[in-house]
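A.B. asks: Counting along the sequence shown from 1, when you hit position 261 you're at 449 in this note's numbering, and nothing is skipped either side.
The set of hints was computed from the structure by calculation and includes no laboratory data.
Careful, some of the hints might be misleading.
What the hints assert, rightly or not - Below, in silico cross-link-like pairs of lysine to aspartate or glutamate (EDC-like), each with a Cα-Cα straight-line distance of 20 Å or less:
1) Lys385 - Glu406
2) Lys558 - Glu547
3) Lys377 - Glu318
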Amino acid sequence: MSAKRPAAVVVLAAGEGTRMKSATPKVLHTLCGRSLVGHVLSAARELGPEHLVVVVGHAREQVTAHLQSIDPAARTAVQHEQNGTGHAVRTGLEQLAGDGVHLDGTVVVVCGDTPLLTGETLQHLASVHENDKNAVTVLSAEMPDATGYGRIVRTPDGAVREIVEHKDASEEQRAIREINSGVFAFDAKLLIEALGKVRTDNSQGEEYLTDVLGIVREAGHRVGAAVAADHREIAGINNRVQLAQARRMLNDRLLHEAMLAGVTVVDPATTWVDVTVTFAPDTVVHPGTELMGATSLAEGAEVGPHSRLTDTVVGAGAEVAFSVTQGARIGAGASVGPYAYLRPGTELGQKAKAGTYVEMKNASVGEGTKVPHLSYVGDATIGEYTNIGAASVFVNYDGETKHHTTVGSHCRTGSDNMFVAPVTVGDGAYTAAGSVITKDVPPGSLAVARGQQRNIEGWVARKRPGSAAAKAASATRDGVEPSGEH
Numbered sequence: 189m190s191a192k193r194p195a196a197v198v199v200l201a202a203g204e205g206t207r208m209k210s211a212t213p214k215v216l217h218t219l220c221g222r223s224l225v226g227h228v229l230s231a232a233r234e235l236g237p238e239h240l241v242v243v244v245g246h247a248r249e250q251v252t253a254h255l256q257s258i259d260p261a262a263r264t265a266v267q268h269e270q271n272g273t274g275h276a277v278r279t280g281l282e283q284l285a286g287d288g289v290h291l292d293g294t295v296v297v298v299c300g301d302t303p304l305l306t307g308e309t310l311q312h313l314a315s316v317h318e319n320d321k322n323a324v325t326v327l328s329a330e331m332p333d334a335t336g337y338g339r340i341v342r343t344p345d346g347a348v349r350e351i352v353e354h355k356d357a358s359e360e361q362r363a364i365r366e367i368n369s370g371v372f373a374f375d376a377k378l379l380i381e382a383l384g385k386v387r388t389d390n391s392q393g394e395e396y397l398t399d400v401l402g403i404v405r406e407a408g409h410r411v412g413a414a415v416a417a418d419h420r421e422i423a424g425i426n427n428r429v430q431l432a433q434a435r436r437m438l439n440d441r442l443l444h445e446a447m448l449a450g451v452t453v454v455d456p457a458t459t460w461v462d463v464t465v466t467f468a469p470d471t472v473v474h475p476g477t478e479l480m481g482a483t484s485l486a487e488g489a490e491v492g493p494h495s496r497l498t499d500t501v502v503g504a505g506a507e508v509a510f511s512v513t514q515g516a517r518i519g520a521g522a523s524v525g526p527y528a529y530l531r532p533g534t535e536l537g538q539k540a541k542a543g544t545y546v547e548m549k550n551a552s553v554g555e556g557t558k559v560p561h562l563s564y565v566g567d568a569t570i571g572e573y574t575n576i577g578a579a580s581v582f583v584n585y586d587g588e589t590k591h592h593t594t595v596g597s598h599c600r601t602g603s604d605n606m607f608v609a610p611v612t613v614g615d616g617a618y619t620a621a622g623s624v625i626t627k628d629v630p631p632g633s634l635a636v637a638r639g640q641q642r643n644i645e646g647w648v649a650r651k652r653p654g655s656a657a658a659k660a661a662s663a664t665r666d667g668v669e670p671s672g673e674h
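Start from the sequences and build out the full structure, keeping to the hints where you can.
C.D. replies: So this is what it looks like as structure tokens:
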């Protein structure tokens, strides 16, 4: 049974995160294409809360700017001094009250550094809270090793009696494997009332959110717990080791979902994807491949091995091998690589090819057109079924301004061509190998733009007498096989 829409979600994101040893605020560190706090907001939004407020503190300008970019509807509340989790929640609720929000219903509190938490688990927490008619519901988890965690101590009827920190727990309590995650659902009115009674007479001199549990119990209200299906979801990130571990777990989760949906991932251990990547069935991902940003693979596409695709659309049946792409669109049946680099603005038509050591940028390449080898195509439009010769360069930059080159359909351009933009090569035209094309080429023409070859007989003998080259030439003239000596 699903719960009603929560009145509010409060996200705690004010901490400094000193153990990250970074100039970047902890909640802005990323994994799988989102910041830590971005993952939490995504999960929280699945609850459909009436209001969402993020409590910020350390580096609040950076964090607030990031929140505006990923979730402009989220409110922020500034905790100027980090005086404990209770104080942080009170700061968030006071911000809502100051904005004229009157809370009535459930308030969910989550930590901004728990990127593995899912909307499904938060929905489970809210449902248990509502169905059991609790004043407070703790999201708990069964840990294989609960060392260091606060233990959930229950009453015989299953309610939560207290949360006992590891250092204060008895031997019997330390045997308990159910632990506190730091994520809670509260009755809004009781939470606001209890926060006004939280004291600071503890070793840290802070307002602890967990003290609310004892306050509402003493007032005769029920405190319960909802157990998360997977204890790994509640893991908080405090250092780079934990960040890497969370990235591995989330990546495994994403690949697991993809494979169940019909994607072949040849080696999940060496394949990395962002949460924003989408796949169609029957795509194949080879080892050593990274799929990032808004990358999308259509049915039958095959990518890798050892490729990195960012914000790239790959058409049905297209292949990308040993290549890097960014902001590119690859048509159905097209071929990329090996060792190609497609930069932003590249569009390959159906069955087009960007081959070995080819780089493209701001280039539109028509259906069936091939750029097979060792070439740079920048700021260009190429028509259909054209072949660009090896070692060609589209010379697009004059030192101040980029210029455009247009090559028509069914053209055959020679190897080692320079197309000095702005220039147009008409449909069906040919260009000779070694040409520097500086003028427009009419349709159906042959352009030859290179110096006339001149052979100077006897130059080696005169200028390099006694050299290996001179001896080889002399032996050839005399009909003697060269010795091969150097």
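A.B. asks: Indicate, hint by hint, whether the structure satisfies it.
C.D. replies: Comparing the hints with the structure gives:
Our distance criterion of 20 Å between C-alpha atoms is met by lysine 385 and glutamate 406, whose separation comes to about 12 Å. This hinted pair checks out: lysine 558 and glutamate 547 have alpha carbons roughly 13 Å apart, not beyond 20 Å. With a C-alpha separation of about 14 Å, the suggested pair lysine 377 and glutamate 318 falls inside the 20 Å cut-off, and the hint holds.
The structure shown violates none of the earlier numbered hints.
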